[in-house]
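Those protein sequence lines, which keep their order, are chains P and R. Numbers in the working numbering are just positions in the first sequence, counted from 1, shifted up by 318. Numbers in the working numbering are just positions in the second sequence, counted from 1, shifted up by 1.
In case anyone wonders, no lab produced these hints; they're calculated from the structure. Keep in mind that a hint or two might mislead.
To give an idea of the chain R side of the interface with chain P (calculated C-beta under 8 Å), a few residues [what the hints assert, rightly or not]:
| hint | residue |
| --- | --- |
| 1 | LYS6 |
| 2 | LYS8 |
| 3 | HIS13 |
| 4 | ASP42 |
| 5 | ALA47 |
| 6 | GLY96 |
| 7 | ILE157 |
| 8 | THR225 |
Some chain R residues well away from chain P (every beta-carbon gap over 12 Å; in silico) [claimed, not checked]:
| hint | residue |
| --- | --- |
| 9 | THR99 |
| 10 | LEU184 |
| 11 | ALA242 |
Glycine residues also receive a C-beta, built at the ideal position from the N, C-alpha and C atoms.
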Amino acid sequence: MSLEDLLDSETCWETSIGLSYPGEKVIFRGKDLFAELSNNSWMELLLYGVTGRKFNQDQLKLFEAIWVICTSYPDPRIWNNRVSALTGSSRATGALGYAAGIAVSEAKIYGMKPIVKSFDFLIKSKKKVDEGESLVSLVKEELEKYRVVPGYARPIIKNDERIKPLMKVAKQLGLASGEHIKLAFDVENKLKELGYRMNANIASVAAGLVADQGLTPREYYYYLINCFSVGFLMSHLDSSNKKEGLLFPLRCEAISYSGVKKKKW
Amino acid sequence: MTTYKDKQEVIHSKIWNEEPEPDNPFAAKKCYCSGYDVYGDLLGNASWVEYLFLLLKLQKPTAEQANLLETIAVAIANPGIRDHSVRAAMNAGVGGSTAASTLMAAIAVGAGHYGGAREVYLVMELWEKCGQDLQIWEKELLNPDIDERADIWLPIEHPPGFDPHGVSCPTPVKQTLEKFSLLTRVDSNSNWLKENQNRLEEKTKLPITFTMIIATALSDLEITNEQGEILYLLLRLPGAAVHALEQKKLGWKKYPFFMDKIKFIDDHTST
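Turn these sequences into a full structure, and let the hints guide you.
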């Protein structure tokens with residue numbers, strides 16, 4: 319990187335991603351959006367845009383099922399949904415609630431961080447196991463370094479109710495027996511053998527299923543950014559249809575103060 | 002006797018407490034910040050930066066601390082009309098987007114580790130690791146420990162706190178560091194940086210930038226990495242706000258669209 323890079327970029331931005339020609343056409347990853355892609359489902363377009371590759375209908379059904387089953391909870395108690403619900407309750411716009419909800423979903427205890435790390439862990443572990451390393455030692459190493467294995471254990475409750483219905487769909491589509499999804503459940507078993515109560519959560523199962531379809535960690539991240547969005551919209555809709563300011567109101571007494579005593583400035 | 006707190010979930014805080022009005026449990030009669038009565042005592046007595054420091058550190062700042070925080074706030078209140086985060090805000094402004102989206106756009110773009118708040122976080126992390134040890138700084142800048150796991154953040158592409166496109170340290174950066182050095186003790190991190198700036202720049206072959214000196218001054222205030230990151234986001238918003246409002250009035254026709262500055266390279270081979 320250098321000053322020359324800035325000078326070169328000042329007059330031209332080169333891209334192969336796509337471009338619009340106002341009044342004429344839109345090129346989308348080398349294809350004419352209106353002529354070649356207009357019959358795509360939104361998921362098909364999304365995956366093509368993110369990866370530059372086309373997927374078959376079964377794969378697309380799996381990608382969509384992950385969004386439908388795993389992340390579309392219309393529940394304003396969930397932290398990211400509650401942001402959108404509070405936006406509705408305080409009479410801010412739906413887009414603001416949606417955008418804030420998506421940004422908040424890049425969280426540590428749920429959402430995008432464990433999602434990305436879980437995918438990365440499975441991809442790398444699979445490669446190492448193929449090269450002859452033992453899975454137990456990989457799991458132990460992860461626990462020693464980071465105290466957790468991403469995609470295992472869950473805040474609030476132990477089991478993950480989404481695994482069963484998602485695996486059912488994956489089996490129906492014939493996409494439930496790849497190497498990465500097998501590894502995801504093998505890791506759960508190793509954790510149990512090591513005495514840890516860390517069941518697989520949906521992050522490791524979805525990661526295993528999608529890794530078997532050939533996505534990279536970065537492609538997986540982009541594919542999932544929007545995955546919680548239905549919950550945001552419904553949470554906003556619900557709270558904006560009710561009287562303003564009524565979402566879980568907190569009285570002054572709801573503050574449990576443990577700071578210093580009263581004093582004068 | 003069962004109390005409200007036994008029946009309901011509560012929010013725990015060492016920062017804030019309230020007492021209700023007698024006729025409405027949801028309306029505060031008194032608000033306390035770290036023990037100080039906000040509307041009965043602080044208002045009119047504490048300055049904005051004193052209150053900001055109190056909120057962060059739960060203690061009243063010394064005059065020197067308040068002065069340094071205020072100087073930091075002035076230094077970065079407007080990153081300038083060409084800054085990426087300000088441009089994001091102006092894009093919202095010219096299109097007539099909501100006020101909130103204007104600041105959200107500035108926060109999003111100003112959050113990264115190229116000149117943004119994440120870079121401040123990373124520099125503050127370096128201060129924790131390296132202290133005032135030049136050899137450790139050189140090691141960490143040239144051969145950093147890299148977490149190989151994928152993350153929502155992309156790996157940083159340059160030594161944190163340095164301008165990857167820079168040639169020499171810009172005058173405003175030097176002027177601001179000079180001011181910080183005067184406002185802090187002789188053994189402060191800001192003074193150490195001033196003394197060792199040339200050596201660090203020689204090693205990295207890059208000039209230091211605002212993220213370096215702001216993170217350093219924040220470390221002199223003993224502010225945590227996470228507080229530093231969020232303060233950097235917060236304190237840069239005034240410039241984004243006013244430039245967005247200015248461009249909104251001027252309109253999109255007077256704002257760059259880069260109409261002829263994009264070139265499509267059709268290297269797509271997949272089906």
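Comparing the hints with the structure gives:
Annotation: interface hint on LYS6 (chain R) holds; nearest CB of chain P at approximately 6 Å, less than 8 Å. A least Cβ separation of about 11 Å between LYS8 (chain R) and chain P goes past the 8 Å threshold, and the interface hint is therefore violated. The interface hint given for HIS13 (chain R) holds, since its Cβ lies 5 Å from the closest Cβ of chain P, which is under the 8 Å cut-off. Here the hint on ASP42 (chain R) is kept, as its CB sits about 5 Å from the closest CB of chain P, short of 8 Å.
Checking ALA47 (chain R) against chain P by beta carbon gives a least distance of about 6 Å; that is within 8 Å, so the hint holds. For GLY96 (chain R), the interface hint is violated, the least distance from its beta-carbon to any beta-carbon of chain P being 13 Å, above 8 Å. A cut of 8 Å between beta carbons decides the hint on ILE157 (chain R): the least distance to chain P is about 12 Å, and the hint is violated. At about 16 Å, the closest approach between the beta carbon of THR225 (chain R) and any beta carbon in chain P exceeds 8 Å, and the interface hint on this residue is violated.
At roughly 6 Å, the least C-beta separation between THR99 (chain R) and chain P is not larger than 12 Å, which violates its mark as non-interface. At the 12 Å boundary, the C-beta of LEU184 (chain R) stays outside the reach of chain P, the nearest C-beta of that chain being 23 Å off. Even its closest Cβ contact with chain P, about 16 Å, leaves ALA242 (chain R) beyond 12 Å, as expected for a residue assigned away from the interface.
Violated hints for the displayed structure, listed by number in ascending order: 2, 6, 7, 8 and 9.
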